[in-house]
Amino acid sequence: AQTVTQSQPEMSVQEAETVTLSCTYDTSESDYYLFWYKQPPSRQMILVIRQEAYKQQNATENRFSVNFQKAAKSFSLKISDSQLGDAAMYFCACLQGAQKLVFGQGTRLTINP
Amino acid sequence: DTAVSQTPKYLVTQMGNDKSIKCEQNLGHDTMYWYKQDSKKFLKIMFSYNNKELIINETVPNRFSPKSPDKAHLNLHINSLELGDSAVYFCASSQVTEVVGDGYTFGSGTRLTVV
Numbered sequence: 011a012q013t014v015t016q017s018q019p020e021m022s023v024q025e026a027e028t029v030t031l032s033c034t035y036d037t038s039e040s041d042y043y044l045f046w047y048k049q050p051p052s053r054q055m056i057l058v059i060r061q062e063a064y065k066q067q068n069a070t071e072n073r074f075s076v077n078f079q080k081a082a083k084s085f086s087l088k089i090s091d092s093q094l095g096d097a098a099m100y101f102c103a104c105l106q107g108a109q110k111l112v113f114g115q116g117t118r119l120t121i122n123p
Numbered sequence: 253d254t255a256v257s258q259t260p261k262y263l264v265t266q267m268g269n270d271k272s273i274k275c276e277q278n279l280g281h282d283t284m285y286w287y288k289q290d291s292k293k294f295l296k297i298m299f300s301y302n303n304k305e306l307i308i309n310e311t312v313p314n315r316f317s318p319k320s321p322d323k324a325h326l327n328l329h330i331n332s333l334e335l336g337d338s339a340v341y342f343c344a345s346s347q348v349t350e351v352v353g354d355g356y357t358f359g360s361g362t363r364l365t366v367v
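From first to last, the protein sequence lines stand for chains A and B. First residue of the first sequence? That's 11 in this note's numbering, and the numbers climb one at a time after it. First residue of the second sequence? That's 253 in this note's numbering, and the numbers climb one at a time after it.
The set of hints was computed from the structure by calculation and includes no laboratory data. Because the structure is a prediction, the values reported are computed rather than measured. Accuracy of the hints is not assured; some may be wrong.
[To be verified] Derived, one-sided and incomplete: chain A residues facing chain B with beta-carbon distance under 7 angstroms:
| id | residue |
| --- | --- |
| 1 | Phe45 |
| 2 | Gln54 |
| 3 | Leu57 |
Yeah, the Cβ is synthetic: ideal placement off N, Cα and C, and Gly gets one too.
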């Protein structure tokens, strides 16, 4: 079965600093996709970044980057130059083939001004 | 234009009532989903439909019945509502037959409160 684990229920960071959110996953497939979604208080689910498992290069989107360690089944999200608007719940998710998108438990990120 | 729209955004109802949540997507996607987010923020899939055909049906009480009149719509009907049904319900869509790696596009959610 496909599982996604986020071991940090809450994280906090000073504004302008860097923070890393952890995620591990388990899948039996060799072809899959990994995602980080952001859910601000508005509750909208917003796609932050995606990673194809067959690509070794880590994905980057502006201040957001991932550290994808396929052998360790680890997929962490790094947020650089944290901004107040980054405060939200962050969900790691795994999608294999055409099956269901499975989410981790979420990490609540607080930005301290 | 809203890509995935759900109505209503908020729903407060009494135990035992029957209610429906509607979802529409204008992205031309072939697959739609219902997810439930509980009070601890955990997101779990309930159903998915591909071109009006049910393809995923997780362990959900049969009081929940999805209906897909066409591939752009997926509605969720809930009978005999219980207190434990209180949650945020998200509709989502994706294009499974093409770029799976694009992920899902989510609606803004429906907060259901059963009193």
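Structure-based check of all given hints:
| no. | hint | in the structure |
| --- | --- | --- |
| 1 | Phe45 | holds, 5 angstroms |
| 2 | Gln54 | holds, 5 angstroms |
| 3 | Leu57 | holds, 6 angstroms |
Violated hints: none; the structure is consistent with every hint.
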